[in-house]
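Asker: Below, each chain spelled out in residue letters.
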Amino acid sequence: MNDLTHQLAPFDFTGLDQEFLLGMHRRMLQAREFEEQLYYLFLSRTMPGTMHQATGQEAVAVGVVSALLADDYVTSTHRGHAHCVAKGVALDAMMAEMFAKRTGSCKGMGGSMHLCDFSRGMLGAFGIVGAGIPIAAGAALSARVRGTQQVAVSFFGDGATNEGIFHETLNMASLWKLPALFVIENNQYALSMSVQESSALPNLAARAAAYAIPGEQVDGNNVVAVYRAARAAADRARRGEGPTVLECITYRFRGHARFEASGYRDPAEVEAWKRLDPILRLAEALQAEGLATSAELEQIEAEVRAELEAAIAFAEASPDAEAGDYLQYITAETAHV
Amino acid sequence: MNDLTHQLAPFDFTGLDQEFLLGMHRRMLQAREFEEQLYYLFLSRTMPGTMHQATGQEAVAVGVVSALLADDYVTSTHRGHAHCVAKGVALDAMMAEMFAKRTGSCKGMGGSMHLCDFSRGMLGAFGIVGAGIPIAAGAALSARVRGTQQVAVSFFGDGATNEGIFHETLNMASLWKLPALFVIENNQYALSMSVQESSALPNLAARAAAYAIPGEQVDGNNVVAVYRAARAAADRARRGEGPTVLECITYRFRGHARFEASGYRDPAEVEAWKRLDPILRLAEALQAEGLATSAELEQIEAEVRAELEAAIAFAEASPDAEAGDYLQYITAETAHV
Amino acid sequence: MSDLATRELSMMEAIREAIVQEMRCDPRVILLGEDVGKFGGAFHVTHDLLEEFGPRRVWDTPISEAGFMGIGVGAALTGMRPIVELQYADFIFCAMDQVVNEAAKLRLMSGGQASVPLVIRAPQGATGRGAQHSQSVEAWFMHTPGMKVVLPSNPYDAKGLLTSALRDDNPVLFLEHKLLYGSASPGGGTAKSDPAIGRLGRVVPEESYTIPLGKADIKRAGKHVTVVATAVMVHRALVVADQLANEGIEVEVIDPRTLAPLDTDTILSSLRRTHRAVVVSEDTRRAGVGAELVAVMMEGGFDDLDAPVLRVCAADTPIPFAPAAQDHVIPNESDILAAIRRVLE
Amino acid sequence: MSDLATRELSMMEAIREAIVQEMRCDPRVILLGEDVGKFGGAFHVTHDLLEEFGPRRVWDTPISEAGFMGIGVGAALTGMRPIVELQYADFIFCAMDQVVNEAAKLRLMSGGQASVPLVIRAPQGATGRGAQHSQSVEAWFMHTPGMKVVLPSNPYDAKGLLTSALRDDNPVLFLEHKLLYGSASPGGGTAKSDPAIGRLGRVVPEESYTIPLGKADIKRAGKHVTVVATAVMVHRALVVADQLANEGIEVEVIDPRTLAPLDTDTILSSLRRTHRAVVVSEDTRRAGVGAELVAVMMEGGFDDLDAPVLRVCAADTPIPFAPAAQDHVIPNESDILAAIRRVLE
Ligand SMILES: Cc1ncc(C[n+]2csc(CCOP(=O)(O)OP(=O)(O)O)c2C)c(N)n1
Ligand SMILES: Cc1ncc(C[n+]2csc(CCOP(=O)(O)OP(=O)(O)O)c2C)c(N)n1
Ligand SMILES: [Mg+2]
Ligand SMILES: [Mg+2]
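Those protein sequence lines, which keep their order, are chains L, B, E and W.
Residue 23 in the numbering used here sits at position 23 of the first sequence, with consecutive numbering throughout.
Take the position in the second sequence, starting the count at 1, then add 1000; the result is the number in the numbering used here.
Take the position in the third sequence, starting the count at 1, then add 2000; the result is the number in the numbering used here.
Take the position in the fourth sequence, starting the count at 1, then add 3000; the result is the number in the numbering used here.
Just chain L, same shape as in the assembly (with noise of 0.2 Å):
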């Protein structure tokens, strides 16, 4: 399975209180409006650096997230903005790390690619493909040994699984038994290379089992699907039974990074997905269930757009990382040699 437009999970909310529900689709909405609104501002003003947008994806990150417990780990993409939302990283202070300011979550140091904020157990995104896979199984290691019941999530694309450190990083987290949770967000494309061109075996979960890992297909723009897979791979974790590679199946809407064009793909194709919006689908079922008035939800979005439109005014509002800034960051003090 890759094409979604066949086969849908439907939303089953048994067991699934309001409360958690509408804060699954509070979080999508979050994280959609960020990335919309900084499309908007890359397009109307000269911003740093560059950005890439999860538009369309918001359901892996808030579904997984949404399995976890607050001093559990996460580590994330160059496409990671979502991730952090979900992992309650401040609005304002990601916000503000986009326009390089001091009140960023990274100082204005890191910028989109490396957004981070270690009190939210987020380590970080990264701009390297790849590059997380064993970081967060290093966090799982070290949960291992310091006794706790805290799980890692490692966040990357179908892109990423052709990376050496991938299958590294597996067999060492099968053969030790890590409390580690793998999530290929499966958006069909690595930049211009489709999944089919890219990866021998377009089922991507099935790489699981070279490494006695249990592999899962899961829809990926059905946010209770996904939590509810999550939800099942951490608990078994922290039952000391080993990791879970969750594939889950998405798109992106907008391009690779910023305005990329992606010629590559078939109109038709984006336009088949953008039907699926993780987010109209929840907002539809929630309705559906009688779980949500429409109202509810226009309410929801306001509150959302609201706390973009102060996440933007604080940044503005914010002072400019300076030219010296970056000294006292190189190298950690050590107090005690």
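Calculated directly from the structure, the hints in this document are not laboratory data.
Since the structure is predicted, the reported quantities are computational estimates derived from the model, not experimental observations.
Careful: at least some of the hints might be erroneous.
Said to hold, decoys possible - DEER-style ranges, computed between Cβ atoms: (1) L:45 <-> E:2198: 41 to 47 Å; (2) E:2079 <-> B:1102: 23 to 29 Å; (3) B:1016 <-> L:231: 55 to 61 Å; (4) L:266 <-> E:2203: 37 to 43 Å; (5) E:2052 <-> L:45: 38 to 44 Å; (6) B:1008 <-> L:231: 45 to 51 Å; (7) E:2052 <-> B:1148: 32 to 38 Å.
Glycine included, each C-beta is placed from N, C-alpha and C at the ideal position.
Fit chains B, E and W with the ligands to the supplied structure of chain L, relying on the hints for placement.
Answerer: Positioned in the frame of chain L, the structure of chains B, E and W with the ligands alone reads:
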């Protein structure tokens, strides 16, 4: 299957003529004798560098290479003597290289871990575990571009399958249907680490499935079984049907390197495997089938021993590689720029 | 563009032209890399090559740098002349073993049997994308015996040097500064252009030509101080040279063009005339390009020196994201000017 | 060994003792690497640690350098103080991305949130095993901002420096020269010992102690010429110093001990007294350790210099197998002596 002592492939000689079979026997003896002579040389005098013996694994090298043509390519490992012997590299030049002589295959610049002979398609042993894997794939790609019928074989150990480069290369080789053969010499250990300790899925051939490549386990101490599997894979590759992974189950009789004591192995295990000596097994089968008399086999042994004595004499009589020799080999002179 | 004598190309176009011309006349030249085919390359350098040369010559790879670098090495060992493109130079570390332990060592290890005519192309330089997309990597490979390292500062040199690299029998790292491309970035927007970048080498002959590897070029003659600079820093040094000319100070600007082999003769003979020197490089300072250039002048020009040779390099830090901080890390005209004034004191 | 004041250890034993003592007092210190547990390490440095500390502290890894280096980084980010052992320093190139792009950059990229208290231990140096098991890799990491690089020359320094490295909050590359171990090699035979290696630092206190990173040590005081040397080259320089003493020439031998940070003060103040210097390093010459040391003296000691500072380094080549050729590539006493005589002319 990892423990051959329980399941051996019978010898099937159908369609193989005596000369071919005795030729494989001779090659195995040459490889064995080459390394055993070296073992005693290292004991009895100060030899330069180190060496890794494939004693007990000769059927893998000889069986696979016997399925190749002269202009096919091979890449090898730190444990590469047998691959070179099988590919027809001159014993004199190989021995001279071990002695760091100017007459050595690499002019004394490479040593045991870098033996190669480009005139024989032997692209080199590599001291970096896994490094030869993509290089063989590159030779296969080059054959494809040049439109030849050549195939490229990469030999590597069970431990090498845990290097990311193994995974990256298999994926590309399968995507591009490269005429390549990936031969895992599963001798049960990577230095002190057993396959079970280092690979989450001890069935290494099964890893091929992650790249839609056929993977097969073979009795690696049965040179005929290895030959047949390799022949089928090479034919398949020449037909343009893509790469094959061959996991040859075998065992090293000696330590990891030189006199390494292998205290991590159960002596009973070592003894059990020694009873499966690939050279003795072929010899017995040949005699049982009336394809050779013990007298004929002793005759071959005597000839091989004489060849090796001659090789050692050649090496001893050759001039040492001298201080400044390396200067001419650092960079290639480029005439045409 | 009708008048060829004055035909102007961007560096991106000049690099592409060298590749196309070599691919047309030498069937051994093939191309491997991420998005180099259908997409035409992250910086559009290889656009339309797949169409012209087909999938046997132009290979769109998965994201497997170590793997396809090794495939390039294996193809080079067996008669091909592969060009391996890395999307950003920072990613060469993912393939470092194949470059340092295999490509660069195979000739020596094989006693001269192997030749590895492999050209690794990689865009580098700080352009506001943060620490993992901004590095200048030349020093690591100057320190890798067996490798040649090329770093052009303009379209004319880039075409001639790349043609030579493609005909060389050794592994060559060909580094392309993003600010010099004059082409679009994968984000779609064009890379922030730099005011300092002048018209140097814009005019590029259409016919194929070579510039020898290991030959520096004096971009501006002068007798008071020698400035050795690479890539974008050549342009910044020329801006400073113009300013100082008004004061009657004549700066000689030397572009080594290749860092390995390094043309020490041109540098030392300039020093014999000027007796003062500054070296300018975008890589980080410690054990970098600047250190080697200083050491070369110490050993070969000590008696000529009337002042210490100063280094103007990037600060020893990963490249920060914030524009003000990045600009503080990367050498600019005033850094160069200050260093020149100090050595002239 | 009864009298502790004169207790002697090999460098292998001294390194092991530093690890054991830190692991006993700090549960965050864990060990990962190939054959480090059951087997006790390729050079036996970690023997019996698995028995004492168990499989939660001592992790025998598969042959997956990039992967377990990244695991070390992730563990370091989340409260551990991992020691990652590489079997030979040459293999660090397989893990280069995790070292250069992640470990060294994370603190800056995170705006100071991350600390990466990771110690990478790797044996290096030419001992007759051919080009892929002989390299000295320090220069690549001196050129990696965010990394610290330690290169001890004797057991006493090794124990104190490693203890400091294990308490440092930054990634530290701790390089161990195989000829200095005085221990067996994976081949079983003991590594060829070097006649030049004297008794320097053999006496090692049993109690734990630290030697600050970034502090050089004057191994021999002298007033006529400064020799800056590392690892085995310290011993060779001392042999030469003994010889020259008979001629009344007093050589000052400085061991930087850490290359990043580099103790430039000790080097420059020595230069102010001697006015002449030679730098000796086993890494290859171009853009290597020697180049940085020369540049430091050019910038900070130019007016003190009565002669050019000379580099004595490995030739710019992969290390050849043949003993005569390897010995020609690696600096020896006569190379050092010749350089000293030249700067004294
Ligand atoms: C090691 C490395 N190689 C290449 C790149 C350039 N690059 C950035 S994103 C990308 C595509 C990644 O595809 P995928 O993993 O599917 O993630 P997606 O962009 O689809 O979210 C590439 C090739 C990189 N950043 N790092
Ligand atoms: C990249 C790399 N890592 C580690 C080593 C050290 N080393 C040499 S051989 C070896 C074990 C290899 O095991 P395997 O691949 O099974 O081959 P075998 O020795 O059993 O033939 C190791 C760890 C190396 N040479 N290269
Ligand atoms: Mg993708
Ligand atoms: Mg093995």
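Asker: Give a verdict on every hint.
Answerer: Against the structure, the hints:
1. L:45 <-> E:2198: 41 to 47 Å: Since the Cβ atoms of residue 45 of chain L and residue 2198 of chain E sit about 28 Å apart, the hinted range of 41 to 47 Å is violated.
2. E:2079 <-> B:1102: 23 to 29 Å: holds, 27 Å
3. B:1016 <-> L:231: 55 to 61 Å: holds, 59 Å
4. L:266 <-> E:2203: 37 to 43 Å: holds, 42 Å
5. E:2052 <-> L:45: 38 to 44 Å: The hint (38 to 44 Å, Cβ to Cβ) holds, given that residue 2052 of chain E and residue 45 of chain L are roughly 39 Å apart.
6. B:1008 <-> L:231: 45 to 51 Å: holds, 48 Å
7. E:2052 <-> B:1148: 32 to 38 Å: Once the Cβ atoms are compared, 24 Å apart, the range 32 to 38 Å for residue 1148 of chain B and residue 2052 of chain E is violated.
Figure legend: structure checked against the earlier numbered hints; hints not met, in rising order: 1, 7.
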